[in-house]
Amino acid sequence: MKLLSKLLSISLLTALASFSLTASAEDYLVEVMFFGQPSAPLVQGTSPNPDWEAEAVDLEGTARPDVRAIDQTRYRLRNQARKLEQSGYQIYLHQAWSQPLENDLVVALHRGTAENGIYPVQGLVNLRQENLTEVKVAFWRNRSAAELQLQSATPLISEFLHQTRALRPGEVHYLDHQSLGMLVTISR
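If you use mature numbering (1 follows the signal peptide of the UniProt record, and there is no 0), the sequence shown corresponds to residues -25 to -1, 1 to 163, in order.
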């Protein structure tokens, strides 16, 4: 009886361990690089709402164990970042994280200090699966009209990149905008 109990305990632990490994194998590694194109004219877009991240998981502040930032030494787009910078592009945000594939999971990213809930650089990433794996992004670069030395009725000038793109794991995808750009890659 004791032997049977030990065997059942070992079997249960083995099953739990294999389930844990299987669950982590389902996680995706997502990496995004948001940048400005050199000498591109400013294209003003929709400004973000102060509650822009209300329905999202803030990557920097989440307590979810299944959404976690990845160390920069594991970034896959480092060479592309270096080449872009050497060509005069300005990288506003470069971030990578792991997450499960949940259609309702939106990850919020930001850089700089928030003023009234708005960061200089902020974005939302939604990785989803319908027929294909898709990424939906909404990224803003926000600056004051005074910083840009512009006469404007609004104190905040925002550039806005918003796209949905089908992705293949392991490939680098380029999202284009008149004054902004983004590289996105996912892997399992």
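One thing to keep in mind: the hints can contain errors.
[Unchecked claim] Below are the DMTMM-like pairs computed for lysine to aspartate or glutamate, each with C-alpha atoms no more than 25 Å apart in a straight line:
#1 Lys58 / Asp33
#2 Lys111 / Glu1
#3 Lys58 / Glu1
#4 Lys111 / Asp33
[Stated by the list, open to error] Cβ-Cβ distance ranges computed for the label pairs, FRET-style:
#5 Asp33 / Arg53: 23 to 33 Å
#6 Lys111 / Ala89: 34 to 44 Å
#7 Arg39 / Ala120: 35 to 45 Å
#8 Ala121 / Ile45: 16 to 26 Å
#9 Ser162 / Ser119: 33 to 43 Å
#10 Thr48 / Glu146: 20 to 30 Å
Keep in mind the hints are simulated off the structure, nothing from the lab.
The structure displayed is predicted, hence computed values, not measured ones.
Built from N, CA and C at the ideal position, the CB exists for glycine as well.
- Message: Are any of the numbered hints broken by this structure? If so, which, sorted upward?
- Response: 1, 3, 6 and 8
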